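K.L.:
Protein chains in written order, with the numbering used here: chain G, 1 to 251; chain P, 1001 to 1439.
One or more hints might be untrue.
Which bits of chain P does chain G cover? Going by a derived footprint, with three or more residues having C-beta under 8 Å, they are [claimed, not checked]:
1) 1343-1349
2) 1354-1361
3) 1365-1376
Rather than coming from a laboratory, the hints here were simulated on the basis of the structure.
Keep in mind that this is a model prediction, so the values were computed, not measured.
For each residue, glycine too, the CB sits at the ideal point set by N, CA and C.
Below, each chain spelled out in residue letters.
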Amino acid sequence: MLLEINDLHANVEKKEILHGVSLKIRDGETHVIMGPNGSGKTTLAKAIFGHPSVKVTSGDILVDGKSILQMTTDKRAALGLFLGFQNPVEVEGVGFVNFLRASKEALDKDGYVNMKELMQQINSNMESLKIAEGIVGRSLNKGFSGGEKKKAEILQMAIERPKIAILDEPDSGLDIDAIKVVASNIDRIMKENGTGALIITHYSRILSYMKPQFVHVMVEGRIVESGGAEIISKLEKEGYKSFEDDGNAKQ
Amino acid sequence: MQMEQYAEFSKELVGRYMAAQEETNELYKKRYIPVGSEKLLEIVNANHAKPDDDDELRRFYDAVFKDSGISFDAIIGSSGNVVLSEEGKAVKFTDIRHAGPDYPAYVNSDDKYNLLINAYAKKDIVIEVPEDSEKSINLLFAAINEPLLVRIIINTGKGSKLNLLEWYATAEGRRTISAASHRIISGDYSKCEINMLHNESYDTTVLNMYDAKSLASSSLKMNYFYSGGSVTKAHGTIEAHDYSSSIDVNEFIFGSDGQKMDINTNIVNSSSNTTARLATRAAAMGSATCYLKGFSKIVNGSKDSRSFVEESGMLLDKSARIDSIPAMSIDENKVKATHSSAIGPIDEEALFYMGTHGVDNEKAKELLVNGFFSSQLGSVGNNQAREAFAAIIRAKMKDGSNIGKTPKLNSSGLWFADSESDIFRGHYKYRSEKDEAQD
């Protein structure tokens, strides 16, 4: 799968947030987008999935050469795209496993889910992610701790086996041990399924457990720098300030 | 002849009492769905093709049974005929008006709908559960060729247990009425759960009236499911009457396709150390209108009592309307009482979240509506009632005009959340050791 974002401009509440973003992500590749608060990283993730609050004004998003802009969110997911949320929504009354089943039924071509197999997958991934058993019997994300929510997103990624996953701050709010667990599991799931990933993050800590091939810096709705892991070292030394200056110079 | 005279007399009364209690209550005046007596009398007095016969009743039952899988102990037809199973023989059918002093008049004469039912009811139903015995009864009420008007008396003896399901259905294609008037007394130390499921066709005006009380140390649970008919009027009073008794009222309302539902429920604490709880959940779509009017009264002298009213609504589209008016009147100081109301549109973020996991809008809405009702459905002890309602939701979500269709019960994958509502969380009975330690 090839996900292409071409010169994407998008508004939120009539204010332009993305000012021409271009990216290419193939399955199996690991991309990272880093950027300061308010740089448009989450808006980009939402735009890829057609969030109703994000209006694409120009540019295009293509999967294997075909525009997905007119597709509904569920149809985009059915292509093999996955979004791991920064703040997953809490839904009272919808059971976590029930939701995983509904999701699996929707994504599987024949629409049939073997519950025994699904439970085995859930249990083995819960063990790997060090998730407490209790969440299986609870409502979707309801009452989950910050760490449980992040891990539950990765658990869903493992079950859905996407071709390309957009992970919006999978590390925020996690302690050091949990970051390690989440990073190693993302890595494992990607290798098992040949999944490509676009990891959105503020911090470099999670990247010390993963090996991204491509690192992009996003400032004020633009990709101002793209390259390899060396950018992470530069960021650690200089912060975003130098990139912000670059961005202004490019404007 | 006697019946005709009675009817004439009552027609006059019905006209005189045009203004029902809720029409004169300032709080409810603006949120009121009128159903004129003239319209009801017109339907009652219309020339009905023929009375139901037993074969028709059996065919009706077969159709409901085929889809729902629920076997009923008795089928009560609108023409006054009854088909019984062996178990159904535990239910008495009589005319309360001529039954003598054992069944005193119970109809609230201020209420025009009760008067109508009193005047035209062709069959009265008496369910009595002897002391220390246990009964589980399923009744199917069917309006086929004529309007259904029934009066129901339920008395449970000391220490007894009752689980009752009343399923109301009407044949399609004829303007009709499905009306029931209940008087319920839950005896000392008894445990009683009554489920009333209204799944009438769209041509039906639904009237559900009741007057219930729980005696000393008894527990009375009333579960109302409203999903059928074009107009539903429901009102009544449920009273924790004697020391240490409890009443637990759950209302489930799902309106679609222009349905109008006006639900006025009064809960009363009349004695000390009593608990009264009313929890109402309503979802509406397709220009449906729902008025939720839960009222709690704590009578002077009802010390150490608890009363909770909780109303919540979910709007599935912009054309639907839910108005919630919870209210309380407290005449005793030493009590705990809360009321709450929350109504909002379906969560767009949740729909988006589900969409990113491949779940389309229709299925996501169904999951969210099921989830909305789920925690409260978990407190319904009668599996058939709660699964039937969940199935009705599924059918109506697919097509809002699926009103009154018997749902196919298929509970696989159905998930009911924790049965306990969190409104009692602060009460010592529901506090964990950890909470106590923190204090």
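K.L.:
Among all the numbered hints in the text so far, which are the ones the structure does not match?
P.N.:
As far as the earlier hints go, not one is violated by this structure.
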